[in-house]
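Trainee: Model the full structure from these sequences, guided by the hints.
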Amino acid sequence: GAGVSQTPSNKVTEKGKYVELRCDPISGHTALYWYRQSLGQGPEFLIYFQGTGAADDSGLPNDRFFAVRPEGSVSTLKIQRTERGDSAVYLCASSLTPGGGTEAFFGQGTRLTVV
Amino acid sequence: AQRVTQPEKLLSVFKGAPVELKCNYSYSGSPELFWYVQYSRQRLQLLLRHISRESIKGFTADLNKGETSFHLKKPFAQEEDSAMYYCALITGGSNYKLTFGKGTLLTVNP
Chain A
1 GAGVSQTPSN
11 KVTEKGKYVE
21 LRCDPISGHT
31 ALYWYRQSLG
41 QGPEFLIYFQ
51 GTGAADDSGL
61 PNDRFFAVRP
71 EGSVSTLKIQ
81 RTERGDSAVY
91 LCASSLTPGG
101 GTEAFFGQGT
111 RLTVV
Chain B
1001 AQRVTQPEKL
1011 LSVFKGAPVE
1021 LKCNYSYSGS
1031 PELFWYVQYS
1041 RQRLQLLLRH
1051 ISRESIKGFT
1061 ADLNKGETSF
1071 HLKKPFAQEE
1081 DSAMYYCALI
1091 TGGSNYKLTF
1101 GKGTLLTVNP
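In the order they appear, the protein sequences are chains A and B. Our numbering numbers the first residue of the first sequence as 1 and each following residue consecutively. Our numbering numbers the first residue of the second sequence as 1001 and each following residue consecutively.
If you are wondering where the hints come from, they were derived from the structure by calculation, not from laboratory data.
Sample of chain A residues with no beta-carbon within 10 angstroms of chain B, all distances over it, derived: (1) K11; (2) G53; (3) T76.
To give a feel for the contact side, a few chain A residues facing chain B, derived at Cβ under 10 angstroms: (4) A55; (5) L91; (6) T102.
Backbone N, C-alpha and C fix where the C-beta goes; we use that ideal spot for every residue, glycine too.
Mentor: Following this line, the structure appears as structure tokens:
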């Protein structure tokens, strides 16, 4: 595809439910990142994948959050037992290689609303 | 821990006026600094990075290590510059992880 694609663009779920957010990175990009952007804040780092492995998951807020990238391309962010505080825009980004010298391209985000 | 501060949540200027969006950072080492921009209903995109020392769409930003600042400047603002601007940094220890400021919403009035 032309850019990073995220689905769905909007998701409304009830408190306590399980949700999955999908990210299709740019083809050939080995590095993939998830960020979360709450209202009035800048994006905050959640997790970084290099290939299939999560190289850094230090930004995941708690064990209700989990992400996978089984084939080194598409990634899924999974949130269990959602809480109202999880409401935010979840951004995915990918880059050809990791590091500041390589531009990270962002998707349009998934707006998650927990009611 | 590193931090990025953008003191202005909102900035409004008239077309043709100079504009400066402020960014200060805290980090003891040598970070890489970036400006990202998000136009209305578009995705977040890189505007410029300090290592490139480039001018994009008339914007420039100089890294001032003494003042730990990376302010974004444009001598003559245009209406199409209206957008949300985020300053961000990457540190050497985790050179893939962007730390963003809270952003400044720039409005350029006709």
